[in-house]
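The listed protein sequences derive, respectively, from chains A and B. Residue 236 in the numbering used here sits at position 236 of the first sequence, and the numbers go up by one each step. Add 1000 to the 1-based position in the second sequence for the numbering used here, that's all there is to it.
Hint data in this document are derived by calculation from the structure and do not stem from the laboratory. Hints may be right or wrong, so weigh each one.
What the hints assert, rightly or not - Now the in silico label distances, taken between C-beta atoms and shown as ranges:
(1) A:D153 - B:N1194: 48 to 58 Å
(2) A:A64 - B:T1070: 36 to 46 Å
(3) A:Q156 - B:D1040: 52 to 62 Å
(4) A:G232 - B:P1109: 29 to 39 Å
Please read all numbers here as calculations on a predicted model, not as lab measurements. Just so it is clear, CB atoms sit at the ideal spot from N, CA and C, and this is done for glycine as well.
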Amino acid sequence: MLTKRIIPCLDVKDGRTVKGVRFEGLRDAGDPVALASRYAREGADELVFLDITATNQKRATLVALVRDVARELDIPFTVGGGIGTVQDVEALLMNGADKVSINSAALARPELIDELARRFGSQCIVVAADARYHAPDGWQIYTRAGTHNTGFDAVQWCREAADRGAGEILLTSMSNDGTKDGFALDITGAVSRAVSVPVVASGGAGSKQDFTNVFQQADADAGLAASIFHFGEIGIRELKQHLRQDGIPVRL
Amino acid sequence: MEIAVIDYKGGNVQSVLFALDRLGVRATLTADPEVIRRADKILFPGEGEAASAMQELRAQGLDQLLPTLTQPFLGICLGMQLLGQHSEENNADLLGILPFDVVRFPVSPGFKVPHMGWNTLQQLRSPLFAGLREEDYVYFVHSYFAPVGEYTIAEAAYPTPFSAAVQHKNFYAVQFHTEKSGPVGNRILENFLNL
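My request is simple: use the sequences and hints to build the entire structure.
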């Protein structure tokens, strides 16, 4: 039976993981390769690397990082963050990334999704959508690290992205991100029912029950989180044991 | 041991090379017919779209060479599908080494396409799976599949059973990604190298 996936997300800057990772037994908590390997051993199903480097060296350092991670890691990983061209995507895939996620560039020019899917196959093209609840208009899509409201309706945009060839939607609720109050079940469920491709839920995870809820009530295919894993608040294995007790298929 | 990984611009071959490297095995990425013919083992990875992959194989004459090979051969993901007769994906004629036709997963409630993630293996019946257990997990990403037939050596279900692995003579192939399936995938690669 296909299992629900648990995905730790690592923010990287200049080839190093950032946002403070507190892990015992890691000589260097900023080393993405060491951290990735540790998560893989603990039972992570995939990893996401979100690059927040904002320098001219961005592309070269990201390609080097992807190569280092791919050399070590024997589970799939996605790379995202400021990726905007066919050339960027090609360089990352050729160096061992399994999937590449695009966000602002897809909203600026949606045809990019079609071009990437045709060239590389839908299976490796993820569209990352950052949504925020905005009364009275509902859930809308933001870009540029959440600073710019595009006015796009979240469900409509995700449906368009999937129709254009995205193989997966990574949906982050900015209204929930960092709150630890749980995933946004309403918008995650609405998107999951609107598209025929897998949906990764992100933003708001604070407890094991939050993952149960997003799988059982919002039909998410995967749950992504960062700080609760990095700070050891929830171990991946204990999370999966909890999910299995709740009757959710997981790889243990 | 000479290992050739077939280079036909078929997607993420780097992951397969890294996986072999982790097993301490050196491999050559090549489209050279001579190097391929004399290799002891052949790996044929693939991702992406069937029709353009076949176009590339034809352009390099590999569509004629591959069916004549006699050494152990392992197709991975699209590299498995290409061994069949015909694919629904852009109506592609395939290499014709195995008798199956490749079809698309129907969209049904609760079963997203692509079939993406870790799924379990059943009905393991090959030395390729030595040391594995029924219900072991491997990583899949695909929208098309080969139905179950007499060539099937492992099954998975989504929701109906399909060929997770196939074999005909020296031609072995897996639908999942051995190179991304953790220790289980590594064991399958090792088993293949030991065939």
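Now the hints, each set against the structure:
The beta-carbon spacing between D153 (chain A) and N1194 (chain B), approximately 55 Å, falls within the hinted interval of 48 to 58 Å. The given range of 36 to 46 Å is respected by A64 (chain A) and T1070 (chain B), whose C-beta atoms sit roughly 40 Å from each other. Between Q156 (chain A) and D1040 (chain B) the beta carbons are some 54 Å apart, a value that agrees with the proposed interval 52 to 62 Å. Separated by about 37 Å at the C-beta atoms, G232 (chain A) and P1109 (chain B) satisfy the suggested range of 29 to 39 Å.
Violated hints are absent here; each numbered hint is respected by the structure.
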